[in-house]
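Chemist: Listed below are the residues making up each chain.
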Amino acid sequence: MIRAEGGVDGNVDPASSIVRTNLRDKDLTRPDRIARALFLVAALVPAAMLIFLAVEMIREAIPAFIYSGWGFFTGQIFSFGQLYATTLSHHNGITAPHGAVYGAFPFIFGTLVSSLIALLIAVPVSVGAVLALSERIPRRFQSGMSVFLEVLAGIPSVAYGFWGVFFFGPFLATHIYPTLASVLGFIPIFHSPVGFGEGLLTTSVVLAVMIVPIIAATTRSLLSTVPILAKEGALALGMTPYETVRVVTLPYVRRGILAAAILGWARALGETMMVLMLSGNLLDRLPQNIYGGFSTIAASIVDLLDSALTDATGMAVHALAALGCVLLVITIATNLIGRLIIRRSTGGVPLPIGRGI
Amino acid sequence: MRPNRLPSRLWGVALLTVVTMLLLAACGTTAATHHKTKKKKSTTTTLSAGNPSSPVTLTEAGSSLLYPYLQLLAPQLHAAFSNITLEPAAGGSGLGISDTIAKLTNLGGSDAYLSAADALANPGVLNIPIAVSSQAIDYNVPGAPAFLNFNGKTLAEIYQGTITNWDDPQIAALNNGVTLPNLPIIPVRRADSSGDTFLFTSFLSATDKTWANGPAEGTTVTWPAVADELTAVGNPAMITVCKATPGCIAYIGISVENTAIEDGLQEALVENKAGNFLKPIQSTMTAAALAGASATPASLTQSLIYEPGAQSYPIVNFEYVMVQAQQTSATTAEAIRAFYTWAISPTGGATPNNLAADNFVALPSVVIPKVEAAIQKIVG
Numbered sequence: 015m016i017r018a019e020g021g022v023d024g025n026v027d028p029a030s031s032i033v034r035t036n037l038r039d040k041d042l043t044r045p046d047r048i049a050r051a052l053f054l055v056a057a058l059v060p061a062a063m064l065i066f067l068a069v070e071m072i073r074e075a076i077p078a079f080i081y082s083g084w085g086f087f088t089g090q091i092f093s094f095g096q097l098y099a100t101t102l103s104h105h106n107g108i109t110a111p112h113g114a115v116y117g118a119f120p121f122i123f124g125t126l127v128s129s130l131i132a133l134l135i136a137v138p139v140s141v142g143a144v145l146a147l148s149e150r151i152p153r154r155f156q157s158g159m160s161v162f163l164e165v166l167a168g169i170p171s172v173a174y175g176f177w178g179v180f181f182f183g184p185f186l187a188t189h190i191y192p193t194l195a196s197v198l199g200f201i202p203i204f205h206s207p208v209g210f211g212e213g214l215l216t217t218s219v220v221l222a223v224m225i226v227p228i229i230a231a232t233t234r235s236l237l238s239t240v241p242i243l244a245k246e247g248a249l250a251l252g253m254t255p256y257e258t259v260r261v262v263t264l265p266y267v268r269r270g271i272l273a274a275a276i277l278g279w280a281r282a283l284g285e286t287m288m289v290l291m292l293s294g295n296l297l298d299r300l301p302q303n304i305y306g307g308f309s310t311i312a313a314s315i316v317d318l319l320d321s322a323l324t325d326a327t328g329m330a331v332h333a334l335a336a337l338g339c340v341l342l343v344i345t346i347a348t349n350l351i352g353r354l355i356i357r358r359s360t361g362g363v364p365l366p367i368g369r370g371i
Numbered sequence: 006m007r008p009n010r011l012p013s014r015l016w017g018v019a020l021l022t023v024v025t026m027l028l029l030a031a032c033g034t035t036a037a038t039h040h041k042t043k044k045k046k047s048t049t050t051t052l053s054a055g056n057p058s059s060p061v062t063l064t065e066a067g068s069s070l071l072y073p074y075l076q077l078l079a080p081q082l083h084a085a086f087s088n089i090t091l092e093p094a095a096g097g098s099g100l101g102i103s104d105t106i107a108k109l110t111n112l113g114g115s116d117a118y119l120s121a122a123d124a125l126a127n128p129g130v131l132n133i134p135i136a137v138s139s140q141a142i143d144y145n146v147p148g149a150p151a152f153l154n155f156n157g158k159t160l161a162e163i164y165q166g167t168i169t170n171w172d173d174p175q176i177a178a179l180n181n182g183v184t185l186p187n188l189p190i191i192p193v194r195r196a197d198s199s200g201d202t203f204l205f206t207s208f209l210s211a212t213d214k215t216w217a218n219g220p221a222e223g224t225t226v227t228w229p230a231v232a233d234e235l236t237a238v239g240n241p242a243m244i245t246v247c248k249a250t251p252g253c254i255a256y257i258g259i260s261v262e263n264t265a266i267e268d269g270l271q272e273a274l275v276e277n278k279a280g281n282f283l284k285p286i287q288s289t290m291t292a293a294a295l296a297g298a299s300a301t302p303a304s305l306t307q308s309l310i311y312e313p314g315a316q317s318y319p320i321v322n323f324e325y326v327m328v329q330a331q332q333t334s335a336t337t338a339e340a341i342r343a344f345y346t347w348a349i350s351p352t353g354g355a356t357p358n359n360l361a362a363d364n365f366v367a368l369p370s371v372v373i374p375k376v377e378a379a380i381q382k383i384v385g
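Chain order of the listed sequences is A and B.
Quick note on numbering: the working numbering labels position 57 of the first sequence as 71, and the sequence is numbered without any gaps.
Quick note on numbering: the working numbering labels position 263 of the second sequence as 268, and the sequence is numbered without any gaps.
What the hints contain is simulated information worked out from the structure, not anything from laboratory work.
Hints may be right or wrong, so weigh each one.
[Unchecked claim] Facing chain A, a subset of chain B residues (Cβ under 8 angstroms, in silico):
{"#": "1", "residue": "97"}
{"#": "2", "residue": "126"}
{"#": "3", "residue": "230"}
[Unchecked claim] Here chain A is said to cover these stretches of chain B; the calculated rule only asks that three of the stretch's residues, wherever they fall, bring their Cβ under 8 angstroms from a Cβ of chain A:
{"#": "4", "segment": "58-65"}
{"#": "5", "segment": "219-225"}
From a predicted model like this one, the values you see are computed outputs, not experimental measurements.
Yeah, the Cβ is synthetic: ideal placement off N, Cα and C, and Gly gets one too.
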């Protein structure tokens, strides 16, 4: 017998009206059983990959965590030590090169701050862009404009990096930053020197450009869930379109935008290639001002990997794995929180899968 | 109606299968590979180093200082041995060392010898020099004369951020009579794991106590935080960055020094142990090599930095090509032995023209027997 499932009040959620059979196991033929087993295995591969990745990463990172203790998160100096020295250093039972200190605070700071600034720029821009697209721009232009958003999402990270290093960074440094420094110079972080274009602010701006498509796409889906009746009612009451947006639309999707922002932030956290090219790769120091060079976890792992392989004790690789572990934890936590919030506020709007690099 | 649930046993089996497969795959890649080593029944004491019986491609990765020289040698090698093709690549000496250790490449070019820890952990890796090279200190100061004098201590202080401007009295004291402009010094260093960094930091360690106790020497060191410091990947990039930055100072491998001079960089004279300020030219490099070569041990791990002698340039080094002593096949081993033997021979690779093209000099003759003994250890 075949039965379709539906809710009590007849409001069928498309995602759940799967046709279920009540055939029992013994009624399945052999090919059915084989197919089911294969599909099971395929379905479990993503979960198994995540478990496998996390387990291997943590295993590789443990010696570095033991060696550095809590100093790993608070220490400001990250040094592989003197790899050509004949003495080794021992700490908490772990052997590392002489003078090796693994303190990841500047990287954690750089990762979080650059993503945060990117978010502060990207959220108003994407929400504004999407509102303009759906509310103000004439319908015949809407699909054309939305094509730009989709194209932005598909541009490879290294192309952004190249553009940033040779065009955008120098442009910002010669035209925008001096004005910014003179206008906002009384705030310490906006003070000169403005550098040559590679640094925290430039990287954050390009990061913002990269995460706008994610936030915009999610916001677009969210806006389509706003009941048209409420908007029409607001217009009938005499509200201007701006007031409609402010009073009806935005409160309805506020939590969803927050979740979209969190997803965009998760994307920005893991961004590697572009940051490697634009950040100035300054190790061991926090940036002096908002224009200064800095480093993130992802870019530093790439930058330091070659050097880490020359460490005979292997501790350098453990230290990089520890950095990766920290990033993994931050990113997974961010993703989970974002998805939790979005599910509670919208009832399952499909989300864009982040590209991750 | 009871929904059709799969028995939990099946879920468990499926998950177990998948995780086991993945773990097995991981273990498989880290397991040692066994191979049968053929015992060579040879009545002669020297292993052959001629054209192998079948075509062999030798991959090389590493030093960007050695890279132009190997690019020069590769076609000549192929002309001498039709079955040997050498494929050089750059990437930094650190990469050359780690790739050779990990068996990702046949040969690893490096300006730095194996560290004591690396040699202990990998007794099967040989570092075999094929030439003697050096390093120049170049600067870009518009209006300054060429050939400014520098010594190790001043360079160490520049790279530690203690000396920040070209008109600093310490630089003026080394160059009496020269007025330098008020221009911030912008030191440039290598970002990749670099043999040139090893040479430069070895020189700084030999001449400056603070540097020796702090960053010390290495293909990768913890550079002191200097405000305007720039980074570059590879020797050619050092030239590009320094050329574009007035006030810069950089350490550049001798093989690309001609390009640096053509691009408008100025070369410095560096003070040696005897107190003379010298250029990195073939005569001063030979003097340093001869001064240090006789102390070379059988492992060929020998520094030629800051050697005594009136005419010894202070930043000179053996150019090493790393290799695993145990090769997987006899033909590859023969090809590698042929490469080394040909490369060090004055009628093969180490001709005066080849050496002069990259400002290298030949290995001192006292080292040659030790090099040949090392070549004999390459078996397959």
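Chemist: For every hint, state whether the structure bears it out.
Modeler: Hint by hint, here is what the structure shows:
| no. | hint | verdict |
| --- | --- | --- |
| 1 | 97 | holds, 6 angstroms |
| 2 | 126 | holds, 4 angstroms |
| 3 | 230 | holds, 5 angstroms |
| 4 | 58-65 | violated (count 0) |
| 5 | 219-225 | holds (count 6) |
Checked against the numbered hints given earlier, the structure breaks only hint 4 and satisfies all the rest.
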